[in-house]
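There are 2 protein chains.
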Amino acid sequence: MKRNTWQREAVREALDDTEGFISAQALHGALHQTGSPIGLATVYRALGDLAANGEADSLQSPDGEALYRACSTTGHHHHLICRNCGLTVEIAADEVEAWAKRVAADHGFTAAAHVVDVFGLCANCTKLLAAGEQPLA
Amino acid sequence: MKRNTWQREAVREALDDTEGFISAQALHGALHQTGSPIGLATVYRALGDLAANGEADSLQSPDGEALYRACSTTGHHHHLICRNCGLTVEIAADEVEAWAKRVAADHGFTAAAHVVDVFGLCANCTKLLAAGEQPLA
DNA sequence: GTGATTTTGACAACCATTATCAATAAGCGT
DNA sequence: ACGCTTATTGATAATGGTTGTCAAAATCAC
Ligand SMILES: [Mn+2]
Ligand SMILES: [Mn+2]
Ligand SMILES: [Zn+2]
Ligand SMILES: [Zn+2]
Numbered sequence: 001m002k003r004n005t006w007q008r009e010a011v012r013e014a015l016d017d018t019e020g021f022i023s024a025q026a027l028h029g030a031l032h033q034t035g036s037p038i039g040l041a042t043v044y045r046a047l048g049d050l051a052a053n054g055e056a057d058s059l060q061s062p063d064g065e066a067l068y069r070a071c072s073t074t075g076h077h078h079h080l081i082c083r084n085c086g087l088t089v090e091i092a093a094d095e096v097e098a099w100a101k102r103v104a105a106d107h108g109f110t111a112a113a114h115v116v117d118v119f120g121l122c123a124n125c126t127k128l129l130a131a132g133e134q135p136l137a
Numbered sequence: 001m002k003r004n005t006w007q008r009e010a011v012r013e014a015l016d017d018t019e020g021f022i023s024a025q026a027l028h029g030a031l032h033q034t035g036s037p038i039g040l041a042t043v044y045r046a047l048g049d050l051a052a053n054g055e056a057d058s059l060q061s062p063d064g065e066a067l068y069r070a071c072s073t074t075g076h077h078h079h080l081i082c083r084n085c086g087l088t089v090e091i092a093a094d095e096v097e098a099w100a101k102r103v104a105a106d107h108g109f110t111a112a113a114h115v116v117d118v119f120g121l122c123a124n125c126t127k128l129l130a131a132g133e134q135p136l137a
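Residue numbers (UniProt numbering), protein chains in the order written: chain A, 1 to 137; chain B, 1 to 137.
No wet-lab data here; the hints were simulated from the structure.
Possibly wrong hints are sitting among the right ones.
No copy labels: a pair is met if it fits in one copy or bridges any two.
[Unchecked claim] Capping the alpha-carbon separation at 25 angstroms, the derived lysine to any residue pairs in SDA-like fashion look like this:
1) K101 to H114
2) K101 to A26
3) K101 to I91
4) K127 to G75
5) K101 to M1
6) K127 to G64
7) K101 to A123
8) K101 to N124
9) K2 to E97
10) K101 to Q60
11) K127 to R12
12) K2 to E55
13) K127 to T18
Fair warning: this is a prediction, and the values are worked out from it, not measured in the lab.
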């Protein structure tokens, strides 16, 4: 049976305290800074479990890193993500859902799923970068 | 200036001969099987260049591997991909383009890009799997 | 509390991708 | 055609995220 450990709870809380998407490594770093001695492998395992249970959303960053986020919305939705600071907006996109279903059906595809993510610079980061600040400071 | 080499042309042709999306490693393997002595690093570079020039499309597979495909359509478009056999249909989706732009603008995001891919089982694979065949045979 | 079983975590292994850099070769001027 | 400049190649090392290993520690049913 599945056992409850403080490590899994720590990962859940750390993920909740994070604004946007975050990598396993970054979350492990954040936990360490709070004094937690949790191991890196454990963070990977906990995040994988959360994603499998639907408690967290995951996506592949454009450079192939897996990112995780605790979602406030329970149902199916998508994300608008700042590629500089990670700020994330959850998006309900009925329009795109319908489009995806239609496209698959029109071509005889079954068991269709879709990946829909929008990356950009949030208003704040746009301002900062225009002022000559460095990205990801 | 940019020079023309048989290696780049070999990668272009190998990519054209491929039905669906393929990884750099797999393409390198395919080239080797035809007797080509091309180096792996060169395949990575050539694919990166093709993608940068818009001659190839690239996407991150669900497990974080970069996949490439020679596009017949020159403009921006998306893909409907069979997760079993790799068969790919190119999709023009003005509706989704407009949606992505609107979503970004509505939230003050700039420099927006989007990832939109639909994965499913093509008609043929649906039939085969229903008949009890194994996936990815 | 005891013990079977799960979980952890330091570390190694893995694997895709990128950086090195000496050797090679494209292509311009001659 | 011939050098010469310089982009390109490719064997190899390095990088970096992720997963596997396995003995030690922790959980929980009894
Ligand atoms: Mn959707
Ligand atoms: Mn698009
Ligand atoms: Zn931002
Ligand atoms: Zn198929």
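If the cut is 25 angstroms between Cα atoms, do K101 and A26 qualify within a copy, between copies, both or neither? neither (35 angstroms within a copy, 30 angstroms between copies)
Between copies, within a copy, both or neither: which fits K101 and M1 at Cα up to 25 angstroms? So K101 and M1 fail the 25 angstroms test inside a copy (36 angstroms) and across (46 angstroms) alike.
Cα distance capped at 25 angstroms. Does K127 pair with R12 within a copy, between copies, both, or neither? neither (32 angstroms within a copy, 41 angstroms between copies)
With 25 angstroms as the alpha-carbon cut-off, assign the pair K101 and Q60 to within, between, both or neither. both (22 angstroms within a copy, 21 angstroms between copies)
Between the shortest in-copy and the shortest cross-copy C-alpha distance, which are at most 25 angstroms for K127 and G75: within, between, both, or neither? neither (33 angstroms within a copy, 30 angstroms between copies)
For the identical chains here, do K2 and E55 meet the 25 angstroms Cα criterion within one copy, between copies, both, or neither? within (16 angstroms within a copy, 49 angstroms between copies)
Are the CA atoms of K101 and I91 at most 25 angstroms apart within a copy, between copies, both, or neither? Both: 18 angstroms inside a chain and 13 angstroms across chains, each within 25 angstroms.
Up to 25 angstroms CA-CA - N124 versus K101, copy category: Only across copies: K101 and N124 sit 18 angstroms apart there, 35 angstroms inside one copy, limit 25 angstroms.
Within a copy, between copies, both or neither: which one fits K127 and T18 at a CA-CA cutoff of 25 angstroms? For K127 and T18, the Cα distance is within 25 angstroms only inside one copy (22 angstroms; across copies 44 angstroms).
Have a look at K101 and A123 and pick one of within, between, both or neither, based on CA distance no larger than 25 angstroms. between (32 angstroms within a copy, 15 angstroms between copies)
Using 25 angstroms as the alpha carbon limit, work out where K2 and E97 are close: within a copy, between copies, both or neither. Classified as neither; 33 angstroms inside a copy, 43 angstroms across copies.
State whether the alpha carbon distance between K101 and H114 is at most 25 angstroms within one copy, between copies, both, or neither. Both ways: K101 and H114 sit 9 angstroms apart in one copy and 18 angstroms across, limit 25 angstroms.
Going through the hint list in order, the structure does not satisfy hints 2, 4, 5, 6, 9 and 11.
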